[in-house]
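The working numbering puts the first residue of the sequence shown at 32, with every later residue one more than the last.
Calculated from the structure, these hints are not laboratory results. Watch out, some of these pointers could steer you wrong.
[Said to hold, decoys possible] Pairs of lysine to any residue, SDA-like flavour, derived with a Cα cap of 25 Å:
#, residue 1, residue 2
1, LYS206, ILE175
2, LYS235, ASP79
3, LYS122, MET109
4, LYS128, HIS67
5, LYS122, ARG150
6, LYS128, SER169
7, LYS142, PHE129
8, LYS77, GLN56
9, LYS77, ALA156
10, LYS128, VAL173
11, LYS77, PRO44
12, LYS206, VAL64
13, LYS206, GLY229
14, LYS122, ASP74
15, LYS122, GLY144
16, LYS142, LYS171
17, LYS235, ARG158
18, LYS171, ASN92
19, LYS71, ALA126
20, LYS128, LEU117
21, LYS171, ALA118
22, LYS35, ASN92
23, LYS128, GLY165
24, LYS227, THR186
25, LYS35, ALA126
26, LYS35, ILE204
27, LYS122, THR37
28, LYS171, ASP97
29, LYS142, GLN160
30, LYS142, GLU115
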Amino acid sequence: MTEKCTLGLVFYPGMTALDIIGPQQVWSTLPGVELHRIWKTLDPVKTDDGMTILPDTTFENCPCLDIICIGGGLAQQMVEDDPELLAFLRKQGSAAKFITSVCGGSQFLAKAGLLQGYRAATHWAARGQLAALGIEVSTKRVEIDRNRITGGGVTAGIDFGLTIASILYGEEIAKITQLLVEYNPAPPFDTGSPEKAGPELVGKAMRFMQRMLG
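Throw the hints in and build the complete structure from the sequences for me.
Dropping the structure here:
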């Protein structure tokens, strides 16, 4: 692919910054990509870790997107039934070449009616919630089901971003991009999935998350 690709990242209050910043960093290095950071207004958006980020595009003036992407967040329950947001996702999803999400963002897509009949990934702690919406849940770090591409939790956004880079521009460009961002993860602990962490640590993580949610 050599023509321009118009790509939209949907922001909202309480989102997890890394869900979107990870793939954004990957895509910003690609040739011909036009990135839009989207919310209802251009007012600053506060993420769930207290960071403030600035949209540059509104729902009203957003162009037709080739790719739409939305992430998750600790406070996403506050906005995931927002009719204006869901209507925007439906409108863009009706024409987008790829409909995508990272982490709990797949729940927004499901509620917008964009994942029925598709497999989708999400954060491990949200798998039950996604299944309750009638979606076939994938435990993959990145799930590709036709033109629906969904990533697992938070850090999976980088893998997700590189996967889309490969689809758009080929494997070599994606490999170069991976090298440019020096994506060579070597975590100090091998507990990055519930399967690896085991039930005791998963239980502690769930309780910790519940305290964070208040």
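Evaluated hints:
1. LYS206 with ILE175: Status holds; Cα separation ~19 Å.
2. LYS235 with ASP79: Satisfied, since the Cα-Cα distance of roughly 20 Å is no more than 25 Å.
3. LYS122 with MET109: Distance of about 21 Å is within 25 Å: holds.
4. LYS128 with HIS67: 16 Å, holds
5. LYS122 with ARG150: 21 Å, holds
6. LYS128 with SER169: 21 Å, holds
7. LYS142 with PHE129: Given pair LYS142, PHE129 holds - Cα atoms ~17 Å apart, limit 25 Å.
8. LYS77 with GLN56: 19 Å, holds
9. LYS77 with ALA156: 23 Å, holds
10. LYS128 with VAL173: Cα-Cα ~17 Å, so holds.
11. LYS77 with PRO44: Between LYS77 and PRO44 the Cα gap is close to 5 Å, so the pair holds against 25 Å.
12. LYS206 with VAL64: 17 Å, holds
13. LYS206 with GLY229: 32 Å, violated
14. LYS122 with ASP74: Holds. LYS122 to ASP74 sits at ~22 Å (cutoff 25 Å).
15. LYS122 with GLY144: 11 Å, holds
16. LYS142 with LYS171: 21 Å, holds
17. LYS235 with ARG158: 17 Å, holds
18. LYS171 with ASN92: With Cα atoms ~35 Å apart, LYS171 and ASN92 exceed 25 Å; violated.
19. LYS71 with ALA126: Status holds; Cα separation ~20 Å.
20. LYS128 with LEU117: 18 Å, holds
21. LYS171 with ALA118: Outside the cut-off at roughly 28 Å; violated.
22. LYS35 with ASN92: Distance ~19 Å between LYS35 and ASN92 Cα, so the pair holds.
23. LYS128 with GLY165: Between LYS128 and GLY165 the Cα gap is close to 23 Å, so the pair holds against 25 Å.
24. LYS227 with THR186: Measuring from Cα to Cα gives roughly 16 Å; hence the hint holds.
25. LYS35 with ALA126: 16 Å, holds
26. LYS35 with ILE204: Distance of about 15 Å is within 25 Å: holds.
27. LYS122 with THR37: 15 Å, holds
28. LYS171 with ASP97: 24 Å, holds
29. LYS142 with GLN160: Distance of about 11 Å is within 25 Å: holds.
30. LYS142 with GLU115: 12 Å, holds
In summary, the numbered hints that this structure violates are 13, 18 and 21.
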